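Sequence lines, in order, name chains A and B. With the first letter of the first sequence counted as 1, position 117 gets the number 116 in numbering that gives the first Met the number 0; the numbers rise by one all the way through. With the first letter of the second sequence counted as 1, position 32 gets the number 31 in numbering that gives the first Met the number 0; the numbers rise by one all the way through.
Among the hints, erroneous ones may be present.
Taking lysine-lysine pairs in the DSS-like style, the calculated list, with each CA pair at most 27 Å apart, reads [unchecked claim]:
1. 101(A) with 3(B)
2. 29(B) with 165(A)
3. 90(B) with 29(B)
4. 162(A) with 83(B)
5. 4(B) with 101(A)
6. 83(B) with 165(A)
7. 29(B) with 72(B)
8. 3(B) with 162(A)
9. 29(B) with 43(B)
10. 72(B) with 83(B)
11. 90(B) with 162(A)
12. 2(B) with 43(B)
13. 2(B) with 101(A)
14. 90(B) with 165(A)
Label pairs and their computed distance ranges (CB to CB) [claimed, not checked]:
15. 21(B) with 8(A): 27 to 33 Å
16. 124(A) with 24(B): 38 to 44 Å
17. 31(A) with 15(B): 24 to 30 Å
It is worth saying that the hints were derived from the structure and are not from the lab. Source: prediction; values computed, not measured. Glycine included, each C-beta is placed from N, C-alpha and C at the ideal position.
Letter by letter, the chains look like this.
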Amino acid sequence: MKKEKKNKTYTIAVCGVLTALAMIFGYIESLIPIPVPIPGMKLGIANIAILTVLYAVGPWEALIINMIRITLTSMMFGNFNSFLFSMAGGILSMLVMILLRKMNQFSMTGVSVAGGVAHNIGQIGAAMVIMGTSAIIYYLPVLLITGVVAGIVIGIVGAMVTKRVKLGTKLEN
Amino acid sequence: MFKKKDLILIGVMLILCVISYVAIQFFVKKDGSRVLVKVDGMVKYEHQLNQDTELTVQGYQGGENHIVIHDGKVSMTDADCPDKLCVNMGKISKTGETIVCLPHRVVVEITGAGDGVDSVVQ
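Isolated chain A, as found in the complex:
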């Protein structure tokens, strides 16, 4: 990965736009009904924006934007419970994605799949601690497979968005 000096104004602007995008995705997601009654199951379309930040700006910006997104979205559309579950999933998935991105072995699809699965594992872990029951792990297989499928789709879309965000600049990896 080439280390290039990035224009600060560009970085701030892109971060702002993508934070807004992530929040709108979060809102749209809350409007889509999920046919399968599994707690904590989500499409994770907000991850499209986060993945774009990870690739077009940088890993730490992505981590911070993800935490801001979760805080703001929970304040507007959720409650304290959903904040805790999302935060646990969000931080775990972010760390896994940053690690895989640094390893440089996977494409965005692979990074997104690992992130989606890590998000679901983080949520289930938080739910097990908060609700005081280990039986929730029963949902793990379903959440793993949905994490993989959603991760593939989001990785592909995220790659398209990243390409276009990078088009306006001379930044290339």
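Starting from the known structure of chain A, fit chain B onto it as the hints suggest.
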């Protein structure tokens, strides 16, 4: 769009998924005998699965969940949570099966006869 390692990663995830599914089907699921209702991690009600009853549980920070035990099966018949996922979960009767209402932090859990002590100590 896909690298070879992506596909390996996806494959590993799918294998893990199958393994955990099989493990849960064969080792965790048995016919249950007791029903535990937990709110915010605390056991609030405990009931025999073979005795029909109905109870209303107060969720964490308000909210109500209506639980019915009938014919050895438990179901959440009504709740005032926003998503109603718990109501749509249907009936449960095997150990390890749960009905979870995340907004109210309510868990309905089935346990076997032997592991009742463990679940309380937990």
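For each hint, the structure was consulted:
Proposed proximity of residue 101(A) and residue 3(B) is supported: the alpha carbons are some 17 Å apart, at most 27 Å. For the proposed pair residue 29(B) and residue 165(A), the alpha carbon gap of about 54 Å is over 27 Å, so the pair is violated. Our distance criterion of 27 Å between C-alpha atoms is met by residue 90(B) and residue 29(B), whose separation comes to about 15 Å. As the CA atoms of residue 162(A) and residue 83(B) are separated by approximately 39 Å, the hinted pair breaks the 27 Å bound.
About 15 Å separates the Cα atoms of residue 4(B) and residue 101(A), which keeps this hinted pair within 27 Å; it holds. For the given pair, residue 83(B) sits about 42 Å from residue 165(A) by alpha-carbon distance, which is inconsistent with the 27 Å threshold. At roughly 13 Å between alpha-carbon atoms, residue 29(B) and residue 72(B) fall within 27 Å of each other, so this suggested pair holds. Distance check on the hinted pair: residue 3(B) and residue 162(A) sit about 21 Å apart at the alpha-carbon level, within 27 Å; holds.
Restraint check for residue 29(B) and residue 43(B): the C-alpha separation of about 23 Å stays at or below 27 Å, so the hint holds. For the hint linking residue 72(B) to residue 83(B), the alpha-carbon distance of about 19 Å falls within 27 Å, and the restraint holds. Restraint check for residue 90(B) and residue 162(A): the C-alpha separation of about 47 Å exceeds 27 Å, so the hint is violated. A C-alpha spacing of about 51 Å is found between residue 2(B) and residue 43(B), which places the hinted pair above 27 Å, so the restraint is violated.
For the hint linking residue 2(B) to residue 101(A), the alpha-carbon distance of about 16 Å falls within 27 Å, and the restraint holds. For the suggested pair residue 90(B) and residue 165(A), the alpha carbons sit about 50 Å apart, so the restraint of at most 27 Å is broken. Under the hint 27 to 33 Å, the C-beta atoms of residue 21(B) and residue 8(A), about 54 Å apart, miss the expected range. Distance hint check for residue 124(A) and residue 24(B): the Cβ-Cβ separation is about 22 Å, which falls outside the suggested range of 38 to 44 Å.
For residue 31(A) and residue 15(B), the Cβ-Cβ distance of about 27 Å falls inside the hinted range of 24 to 30 Å, so the restraint holds.
When the structure is compared with the earlier hints, violations turn up for hints 2, 4, 6, 11, 12, 14, 15, 16 and for no others.
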